[in-house]
Amino acid sequence: MQPIFEVRNLKRAFGGLAVTNDVSLSMAPGDRVALIGPNGAGKTTFVNLVTGNLAPDSGEVRLNGETVTSIDAIGRVRRGLVRSFQVTRLFLDMTPAEHVALAVLQRDGRSGRLFGNFLAMPDVMDEVGQLLGKLGLRDLMHRKVSEIAYGQQRLLEIAVALALKPKVLLLDEPAAGVPQSDTGRIEQALADLPADLAVLMIEHDMDLVFRFAKRVIVLAAGAIIFDGSPSDVTQDPRVREAYLGSYANASHAA
Amino acid sequence: MSMTTTNDLIAETQGKRRFGASDLIGLGVILALAVVGYFLFPTNLALLTRIIAIALLVLSLDLVTGYCGVATLGHAALFGAGAYAAGIVSAHYGINDPFAMLAFGIAAGAVAGLICGAVILRAHGLPQLVLSIALIHLFHEFANKASSWTGGSDGLSGIAPSALFGLYEFDLWGRTAYVFGVVLLVLVFFVLRLIVRSPFGMLCRAIKEDPIRIRSMGASPKAALMKMYVISGAVAGVGGALNAISTQVVGLDSLSFTMSAESLVMLVLGGTGSLFGALTGTIVFMFFEDVVSAANPFHWLTMVGALLIAVVLFAPKGLYGTAAAFVARRREAK
Ligand SMILES: Nc1ncnc2c1ncn2[C@@H]1O[C@H](COP(=O)(O)OP(=O)(O)OP(=O)(O)O)[C@@H](O)[C@H]1O
Ligand SMILES: [Mg+2]
Chain R
376 MQPIFEVRNL
386 KRAFGGLAVT
396 NDVSLSMAPG
406 DRVALIGPNG
416 AGKTTFVNLV
426 TGNLAPDSGE
436 VRLNGETVTS
446 IDAIGRVRRG
456 LVRSFQVTRL
466 FLDMTPAEHV
476 ALAVLQRDGR
486 SGRLFGNFLA
496 MPDVMDEVGQ
506 LLGKLGLRDL
516 MHRKVSEIAY
526 GQQRLLEIAV
536 ALALKPKVLL
546 LDEPAAGVPQ
556 SDTGRIEQAL
566 ADLPADLAVL
576 MIEHDMDLVF
586 RFAKRVIVLA
596 AGAIIFDGSP
606 SDVTQDPRVR
616 EAYLGSYANA
626 SHAA
Chain G
59 MSMTTTNDLI
69 AETQGKRRFG
79 ASDLIGLGVI
89 LALAVVGYFL
99 FPTNLALLTR
109 IIAIALLVLS
119 LDLVTGYCGV
129 ATLGHAALFG
139 AGAYAAGIVS
149 AHYGINDPFA
159 MLAFGIAAGA
169 VAGLICGAVI
179 LRAHGLPQLV
189 LSIALIHLFH
199 EFANKASSWT
209 GGSDGLSGIA
219 PSALFGLYEF
229 DLWGRTAYVF
239 GVVLLVLVFF
249 VLRLIVRSPF
259 GMLCRAIKED
269 PIRIRSMGAS
279 PKAALMKMYV
289 ISGAVAGVGG
299 ALNAISTQVV
309 GLDSLSFTMS
319 AESLVMLVLG
329 GTGSLFGALT
339 GTIVFMFFED
349 VVSAANPFHW
359 LTMVGALLIA
369 VVLFAPKGLY
379 GTAAAFVARR
389 REAK
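One line per chain: the protein sequences are R and G, in this order.
Okay, so the first sequence: first residue is 376 according to this note's numbering, each after it adds one.
Okay, so the second sequence: first residue is 59 according to this note's numbering, each after it adds one.
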């Protein structure tokens with residue numbers, strides 16, 4: 376199958392430190408990939424580079440066969456490449472309903488409309504209600520984001536990404552900061568995603584990784600040191616070595 | 059809960075919107091104030107009309123500053139462009155129909171908005187503020203130098219609007235102009251209420267909070283802000299045209315840094331990010347400027363200064379914003 380998302384020889388250094396060091400990977404529609412690696416391995420930087428939030432020193436990003444390296448972040452989102460943020464970035468003065476509605480309206484090219492209110496648009500409210508319901512935020516939909524708990528803000532971050540109906544979804548530690556009791560909601564929301572969507576999830580919680588991923592990529596010091604099946608990753612000597620010390624409980628969790 | 063239908067959801071949120079109700083209250087308050095003003099100051103309707111024109115400028119500023127977070131000290135450029143356009147078509151081209159003059163004012167305001175937006179939106183924060191100051195000086199200087207069109211520092215005279223609908227002359231007492239102004243303000247206010255609650259208004263609020271995040275949702279902050287600048291220019295153009303039609307002169311002061319700065323002061327005084335705030339700030343400031351200065355010519359500026367400091371320190375959301383927040387808290391406590 377033709378890859379929907381392809382990265383070739385991506386490089387980026389910060390002051391001489393190669394944070395992304397010749398990374399290449401490709402994903403097909405329907406892929407469920409986990410990207411793991413010790414703290415500071417360059418996982419978030421990788422997401423910033425491929426989404427256009429950060430310019431690479433060299434390398435290429437392709438989306439659905441098209442080279443998007445010179446297209447800005449907005450253009451990539453419009454082509455279906457959507458991310459969520461590790462550190463929640465939401466509009467604190469706005470409500471969850473407004474967040475999701477804005478995403479839906481933007482996706483449909485209706486965010487520039489000068490009249491009408493989304494609260495009176497049945498199709499928008501339908502999606503808003505469904506998505507927020509799925510993530511357990513429905514009762515809070517009209518509260519200001521600044522008034523809801525951090526774990527709930529994390530869930531909203533995911534809801535916004537999903538509302539954009541991406542073709543390739545990059546989730547940066549979606550479960551970090553979400554109470555254990557609510558991570559099930561994230562898993563359920565991910566399980567309900569369209570089968571042909573390609574998802575790459577950065578995650579430290581190995582239980583979640585093993586339940587979600589059919590393929591695991593390990594990044595250490597900016598380079599991919601493993602790309603294979605979840606069952607093999609714990610056996611790999613290089614992975615074990617990369618995690619030793621920096622991430623002591625990885626071998627335990629695995 | 060998950061069984062609730064969309065209809066329930068909409069019904070459930072209907073109460074939150076209070077769409078018609080608060081709009082009607084707002085319009086009612088404006089009209090009531092207009093009537094009260096008419097009877098309180100029957101000999102000074104010109105002042106009231108000027109307050110309306112300035113209120114349109116402050117509303118326009120609120121769109122880009124209050125709703126979008128753009129820092130500008132040059133917003134009178136949009137107002138002045140509208141005033142000069144409406145004045146010039148009348149004084150030089152004999153287009154004296156007030157609605158035609160208004161249309162030229164709106165168009166010129168929108169074009170000025172496009173130009174200012176294109177320059178100002180290239181920067182953020184302090185550099186943005188500096189660009190806006192540079193722009194208002196350029197506009198001012200341009201109007202000053204193009205004196206064959208604008209009358210330069212003598213002002214543009216010879217503006218002679220014909221009767222409204224061919225029936226109502228712009229009389230010496232300013233009655234027609236006042237009613238014209240009130241109607242324009244109500245119309246603009248109504249349209250702006252729609253816009254700030256529309257998907258576009260929501261997009262702008264989001265941009266104000268985090269433009270990077272909005273890019274990750276696929277929307278271009280730049281394009282949205284340009285659009286808002288053009289709308290804002292049209293609104294300021296209404297104010298400028300109203301000023302030209304009602305006073306029948308246009309001076310360089312309508313295109314000045316002072317006027318830009320004062321409009322920002324009025325907005326902050328009333329409260330940014332709210333149409334009522336913009337109106338409140340204008341009325342209070344203009345009241346001080348005119349009424350209090352007449353009563354106490356030596357200390358009125360001191361009083362305005364003290365009021366401003368008090369508002370910024372103790373009611374940072376502005377007079378209206380603070381009052382509204384107080385009422386909302388009371389309501390929630392119940
Ligand atoms: N803008 C920047 N300027 C300089 N250094 C940076 C910048 N962004 C990231 N880095 C550095 O790059 C390295 C990788 O950071 P990155 O955030 O990508 O790691 P990560 O794998 O996402 O880690 P974590 O698991 O903690 O989220 C770190 O050493 C970090 O300090
Ligand atoms: Mg990270």
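In case anyone wonders, no lab produced these hints; they're calculated from the structure.
Certain hints may be false.
[Claimed, not checked] Covered stretches of chain G, going by a simulated chain R footprint (3 or more residues, C-beta under 8 Å):
hint : stretch
1    : 245 to 257
2    : 275 to 283
[Said to hold, decoys possible] Covered stretches of chain R (in silico footprint by chain G; criterion: 3 or more residues with CB under 8 Å from a CB of chain G, positions within the stretch not fixed):
hint : stretch
3    : 449 to 460
4    : 519 to 531
C-beta atoms are modelled at their ideal positions from N, C-alpha and C, and glycine is treated no differently.
Going through the hints against the structure:
| no. | hint | in the structure |
| --- | --- | --- |
| 1 | 245 to 257 | holds (count 5) |
| 2 | 275 to 283 | holds (count 5) |
| 3 | 449 to 460 | holds (count 6) |
| 4 | 519 to 531 | violated (count 0) |
When the structure is compared with the earlier hints, a violation turns up for hint 4 alone.
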